[in-house]
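**Student:** Start from the sequences, fold in the hints, and give me the full structure.
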Amino acid sequence: GDSVTQTEGLVTVTEGLPVMLNCTYQTAYSDVAFFWYVQYLNEAPKLLLRSSTDNKRTEHQGFHATLHKSSSSFHLQKSSVQLSDSALYYCAPRGNYKPTFGKGTSLVVHP
Amino acid sequence: EAAVTQSPRNKVAVTGGKVTLSCNQTNNHNNMYWYRQDTGHGLRLIHYSYGAGSTEKGDIPDGYKASRPSQENFSLILELATPSQTSVYFCASGDYREDEQYFGPGTRLTVL
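Chains A and B supply the protein sequences, listed in that same order.
Note that the numbering used here gives residue 87 to position 87 of the first sequence, counting from 1, and the numbers run on in steps of one.
Here the numbering used here = 1-based position in the second sequence + 1000.
Careful, some of the hints might be misleading.
[Claimed, not checked] Below, a list of computed lysine-lysine pairs in the DSSO-like style, where the Cα atoms sit at most 30 Å apart:
#1 K1065(B) x K69(A)
#2 K103(A) x K1057(B)
#3 K1011(B) x K69(A)
#4 K56(A) x K103(A)
#5 K1018(B) x K98(A)
[As the list claims (entries may be wrong)] Sample of chain A residues lacking proximity to chain B, with all beta carbon distances greater than 12 Å (derived):
#6 A28
#7 Q39
#8 N42
#9 A44
#10 L47
#11 N55
#12 H64
#13 T66
#14 S70
#15 Q77
[Claimed, not checked] What follows is a list of derived Cβ distance ranges for each label pair:
#16 G1053(B) x L10(A): 34 to 44 Å
#17 S80(A) x E1072(B): 34 to 44 Å
#18 G16(A) x D1059(B): 33 to 43 Å
Calculated directly from the structure, the hints in this document are not laboratory data.
Just so you know, even glycine gets a beta-carbon here, dropped at the ideal spot from N, CA and C.
**Tutor:** Put into structure tokens, the structure is as follows:
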């Protein structure tokens, strides 16, 4: 069956340093759309990035990700994190009309 | 702007009682979803709907029922609530595979 694997648990980064959160998707579908959602404390998840185009870099709020269909991966990266980036991040690939979310990665940025 | 609302925002229920969580969307989306969020498990899909009158089982449907009486409204029903159903519940709407989902603010349910 389909499964999504993302960097699990807690990732702690010093302000100003880079971060990468991994996301891969195992599926029988050949055409997959990928999403990253961000959830700040006591808020609802909201869209951060999305892509369905192979090898195209997508950017928003300083974060970027490139979809690689050959490896079904859509890793989230930022070159210099800020304190305000502390949040829960979900990878949510979608091969059919039923959505799937990873277990989430809690990013904590400290001074 | 896309809008999804949920009620109640907080609910305390007793074991064995019936709980109904309501969701309303003004996005005119066909698809609506119910998730629960628990630490270590992320967002898990309970039920979803393709339109008025339809409900489909998600990944963890046991102990939950859903109802979609109209395009705008989607309810989650716990007929016999148990403490293991204590969680935060999110409703979302969104249509096509390439489109984002819009989430409501969440309902915090505590079953004692």
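**Student:** Taking the hints in turn, state whether each one holds.
**Tutor:** Consistency of the hints with the structure:
1. Annotation: proposed proximity of K1065(B) to K69(A) is violated, straight-line Cα distance about 36 Å (limit 30 Å).
2. This hinted pair checks out: K103(A) and K1057(B) have alpha carbons roughly 20 Å apart, not beyond 30 Å.
3. With a C-alpha separation of about 43 Å, the suggested pairing of K1011(B) with K69(A) is violated against the 30 Å cut-off.
4. Distance restraint check for K56(A) and K103(A): the Cα-Cα separation of roughly 25 Å lies within the 30 Å cut-off, and the hinted pair is therefore satisfied.
5. Between K1018(B) and K98(A) the alpha-carbon distance is near 27 Å, which keeps this suggested pair within the 30 Å criterion.
6. No beta-carbon of chain B comes within 12 Å of the beta-carbon of A28(A); the shortest separation is about 15 Å.
7. In this structure Q39(A) is not separated from chain B by more than 12 Å, as the shortest Cβ-Cβ distance comes to only about 9 Å.
8. Residue-level check failed: N42(A) sits 9 Å from the nearest beta carbon of chain B, not beyond 12 Å.
9. Taking the minimum C-beta to C-beta distance to chain B, about 4 Å, the non-interface status of A44(A) is violated against the 12 Å cut.
10. With 12 Å as the threshold on Cβ separation, the claim that L47(A) sits away from chain B is violated: the shortest Cβ distance comes to roughly 4 Å.
11. With 12 Å as the threshold on Cβ separation, the claim that N55(A) sits away from chain B holds: the shortest Cβ distance comes to roughly 17 Å.
12. Against the 12 Å criterion, H64(A) stays outside the reach of chain B, whose nearest CB is about 17 Å from its own CB.
13. Every beta carbon of chain B lies more than 12 Å from that of T66(A), the smallest distance being close to 17 Å; the non-interface claim holds.
14. At the 12 Å boundary, the C-beta of S70(A) stays outside the reach of chain B, the nearest C-beta of that chain being 20 Å off.
15. For Q77(A), the requirement that its beta carbon stay farther than 12 Å from each beta carbon of chain B is met, with the minimum near 20 Å.
16. Distance hint check: the CB atoms of G1053(B) and L10(A) are about 43 Å apart, consistent with the given range 34 to 44 Å.
17. Between S80(A) and E1072(B) the Cβ separation comes to about 43 Å, which falls inside the hinted range of 34 to 44 Å.
18. One distance hint, 33 to 43 Å for the beta-carbon pair G16(A) and D1059(B), holds here, with the actual separation near 39 Å.
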